[in-house]
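Residue numbers (my numbering), protein chains in the order written: chain A, 1 to 693; chain B, 1 to 61.
Derived from the structure by calculation, the hints contain no laboratory data.
Computed from a prediction, not measured in an experiment: that's the story for all the values here.
Every residue, glycine too, gets a C-beta built ideally from N, C-alpha and C.
Just to be clear, a hint being listed does not mean it is correct.
[What the hints assert, rightly or not] Residues from chain B that face chain A, not an exhaustive set, calculated with beta carbons under 8 Å:
1. 1
2. 13
3. 18
4. 54
5. 56
6. 58
[Stated by the list, open to error] Stretches of chain A that chain B covers, calculated by requiring three or more beta carbons in the stretch to come under 8 Å of a beta carbon on chain B:
7. 161–171
8. 487–494
This is what each chain is made of:
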Amino acid sequence: MATTMTQRLPKPISFIGWIVAILLGTFALAAIAFNRGESIDALWFIVAAICVYAVGYRFYSAFLAAKVFALDPTRATPAERFSDGRDFVPTNRWVVFGHHFAAIAGPGPLIGPTLAAQFGYLPGTLWILIGAVLGGCVQDFVSLFCSIRRDGRSLGQMARDELGPIGGAVALIGVLAIMIILIAVLGLVVVNAMRHSPWATSTVAATIPIAVLIGLFMRHLRPGRVLEGTAIGVVLLLAAVFGGGWIDDHPTLRALFDYDAPALALMVIVYGFAAAVLPVWLLLAPRDYLSTFMKIGTIAALAVAILILNPQVKMPALTQFIDGTGPIFGGNVFPFVFITIACGAISGFHALIASGTTPKLLANERDARFIGYGAMAMESFVAIMAMVAACVLDPGVYFAINSPAGVVGADAATAVATISQWGFPVTADQMSALANEMGESTLFARTGGAPSLAVGMASIFSNAFGNTLLSVWYHFAIMFEALFILTTVDAGTRVARFMLQDLLGNVARPLGRTSWYPSVLICSGLVVAAWGYFLYFGTLDPLGGINSLWPLFGIANQMLAAIALCVATTVLVKSGRVRYVWVTVLPLVWLVAVTTAAAWDKLFSPDLRVGFLSHANDLAARLDAGTLTGAAADQAPQLIFNDRLDAALTLFFLITVWVLVVETGRICHARLSGRHCPPLAETPHVQTRLVES
Amino acid sequence: MGAALQKVWALLREVTGDDAYDRYLAHWRATHAAEGTAPLDRSSFYREEQRRKWDGVRRCC
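Next up, chain B with everything else stripped away, as it sits in the complex (with noise of 0.2 Å):
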């Protein structure tokens, strides 16, 4: 039941883009964490992501 309690929580964290920055992290820290360089922080992440969701069609009739 707790388990899958937090697969649900887990799921909604997903589906509204909660987890976003996390998901962002885990993934610079796979492939880009060798550069040198540091990763976004939350704040400049969630800036650029709704500056990037929003530049095409997002809603519909």
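One chain only, chain A, in its complex shape (with noise of 0.2 Å):
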């Protein structure tokens, strides 16, 4: 894109054009973050952003593919190798670009800054521009690279070629278990947008039914015609989210899909043992492309909407909460702001992404710096409307719908005091106004960040769209979020399925046939069962579940990036590019000290909301001494158990990480110092036949 532009405009202009951007960049960072008044165009957001990505992409992505990867376009891929027209087909970059911005960008970086919004929007903001520039970007195209040199091997492989085979063990066992946790959390959200609220229930309930009928259609009247299929889907679905307010309406349908959180997980948990079991035609792919179709359309929409409506951004720069006691989750700015918002700055799921499906389709290995860096800039974007969506709100009505009543009180009048007295004026009037508009019941301790969003792009669409319908706007917000979410949920628990059947078939053999109907059977009542259980009492939990999860999934997540940056600078060294190893290694160091500090913080932080052995020790200390009453106390042993469970899991990340990185040392030792290590598995350089379109 950027490398064209140059090409076509005589030097001087692109040069001044840069200088341009660069100062542009600088001057709307600076008023980012020097901004102390009352508000803040979203506009300076945009504008920080694309300049950040640009510059990224125009100067380092290049450094990267000239200097550092040496990207070599005579070199056939191994599409072109393989080419057979199904796995292996060379592709138009920008369909590859498609294909891979579909498959990274899900609802981490929609979550991750609404939730991180609570230390203000400063914090967050750099972290999305400046992790994603140096870290995340970098991660997606190396793994992109490095998979594309060896035949399109996914990350596990590429671990256990390049580490050994306790890397390679270490990273598979790694990723079922982030698999379950994001599962989870993801299953959590959605359930917290639906509680008592039969509108957002209704329709999203509705979303299942027309997958199966547009599976139906594309199977047997109109096979394959995704277009025709998808374009009916998106039709019923707005009609889903009209109807539901139908349904809110009328006095007995409405009973019907009137359901608490618990209730709701129950159900979230059949229907992901139901959509992992199902022939993946009738839900999974049908699903899929419409959730497709509605995130790029609304995530579109919502870029125009912002740039139309030029929004303030009236959440302050930085909030007290820095200092670790937030609402939404507990703990400092350092390091849980980089650990709530992984996917935007650096993720490490992107990594099986870039090492799976893209490299089988690229034609030219030099278009891994437009798909790698490029796609992974664009998904930063994301999350920089996220964070502008989320700020836009006055943050006494962010924190009364985002802060879980274990932490401002069960009823309106104490919620909006405890919030009012942090400095963040809401009344109970208004929320209940807002609600109103909103079509719902009630919008407090709505936790997860869904809803919260949900509120912010309602608001944003109709204002810059036609200032109607509000409730309308958030049920179509939440359709949105809640589809996708889905899609995550049953296409996650069909991979950790397929990861579970081929752990298992090592140990009985049948086990691992992955078409054996009771094995897919066993396979996935034991996935849905872990994850499930994780969710469930996520419903439970007094604090919001919210608050234990995602932080552990951030944890998780930042630690398979670590696996990835751990086999691209084994790579970098075996392949002699010791001096640029920093561009790896930098991102690396970060990532280690921010996940170790964390997972520290959430092991042993005396802070009840932060530590998950302190809270347990102190929960089990009240029941002994009978302090607990009611509902409480008979929560309380497995709350217990829980904690020891997340502290357990946590402690399973940290040791992960620190195994992965020991390895990496060592092989990269051992091959400076000239011993012996495994070899770099490289495939050799074919000339590439392909002539350019």
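If you follow the hints, you should be able to join the two separate chains into one complex; please do so.
Encoded structure:
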């Protein structure tokens, strides 16, 4: 994109253009960083972000492509060498970009920034911009590069090849663990958005039969007609949003869709199991088509709306909660902002995509820069928009929606009093008027980020595209979020099931057969039970399960990024690029510092809302002393067990990171001192025969 | 204008996989036509395609 532009423009003009971009970006960043007024134009965020990504792409990714990786356009890619018209297909770079972006951009970049806005807009915004340009984009790019040079191998296989069996095994189990936590926390986000909301619940429920209908249409009536099927599906989804409003007004129908969080959690669990064992064409594949269209369409509309409307960001740059007392999740700004925002800044999960389907489609190695670095910059931009959408809300409203009842109090009067006393004025009337406008009974304590994002999006959309139907926009936003969260739940359960079958296949051969139905049922059941457990007890947690599950997910995701960067570092060292090794070591060191600090806090912090163990011990002490009564006393043993389980998982993630880092150090040292280590697994150069189109 | 719209439409079909079968046929004619076998029909191709597509990590957080 940028390269073709510079080729076309005469040198001095392009030079001046980049100077302007750098100055404008610096000015916008300074405006954001030093603003201490009441509010600031959202446009500054957009300008700063676009300049940062453009400059990062133009200069840093060019440096990576030319000097560090030495991308070679004459080298045949796996897509060309194994071209089979199916798995390996040399594909138009824009098409690969579209696929890759659709695959990496899930709900993460929308939810993380929304939660991290409790620190104020500044820490999250800076981390999203800097983290993406120097970390996330580099990780995606390098993973893609390594995989292209290895016949499109997966991260797990590359870890085994480059780091040896220990690294490979640790990477595989790590991926499985992160998947379980990810699905649980995403399930919790959807459940919190649907809790006692017949409109949201019925609309989200309607997406299931709609997906099935489209699945049948594309299987039997019009096989493979993706565009026709999707167009019908999108119309039906919009009808479902309006239909939900009708159900919400209907006194008897409304009761059929009115559930509390634990009941909804059980439904999501049953749904997840069904989706995992049903054939993909019936539910998963059509739902994925619909969610991809919705996702890209809605995100594009949000960008346009923010540009038209230029809303005011009302959140302060920094809040007092950087000291760790935040209501949404406990913990200091360091390390928790870096854990809370994973996707959008650096997300290890991307390494799985960048080493999965994408490398099998690249027609030319040179495109790895545009796809790997570029698509991540785009995802990071989505995160910036989510940050804007969270911060255009009145801070008082933002905290009222996102703070769990266990922190601010269960009834409206106490909650608004607590939040106003923090310096974020909000009234019960304001909240009930807002809930009424959004077509909800209440917006208090709707933790998880989805509802507050939906309120932000609804107000932006209705202001930009006509100030009516706030409630429809709100439920449209909820439907859009739920649609692709549930796609991730389905797809994640399926992948985790394959991995588990692969693992168990080593113990009992038949379990490894992915098409043997008893094994499918057993392994799907085990996977669903695992995430279902965390999800269900997350809904019972008085502090709102997000407080414990989201940091756990963040740590796991950053751990996966650390694994990918370890593999990449080893590759750079082995291929004689030691002097450039800082490009992966820099983000790696940062991630190891962040995950270690966060894991340590989650394990040993004396703060009851941060440390799993101190929370467990406190509950145990109070249970023994008999100061807990009723439901609290009944749930306490379970919560204590959960805390200890969460602590064990955190410890596991911590050990995983360090085992990988030590292995990487050992192998790099062996290589540099000329001792034996696994050889570089790169495939030899084959001259490309593809003619540039 | 017409040509530009056609180009966008073609790109949209390619991105969404709407023309996957046509592409498969083109590939088959180019490389396997001499083998004396028949290409998959549209419906079986679509089935195969979905099975293959969902065999790994497809969606992220």
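Checked hints:
{"no.": "1", "hint": "1", "in the structure": "violated (20 Å)"}
{"no.": "2", "hint": "13", "in the structure": "holds (7 Å)"}
{"no.": "3", "hint": "18", "in the structure": "holds (4 Å)"}
{"no.": "4", "hint": "54", "in the structure": "holds (4 Å)"}
{"no.": "5", "hint": "56", "in the structure": "holds (5 Å)"}
{"no.": "6", "hint": "58", "in the structure": "holds (5 Å)"}
{"no.": "7", "hint": "161–171", "in the structure": "violated (count 0)"}
{"no.": "8", "hint": "487–494", "in the structure": "holds (count 5)"}
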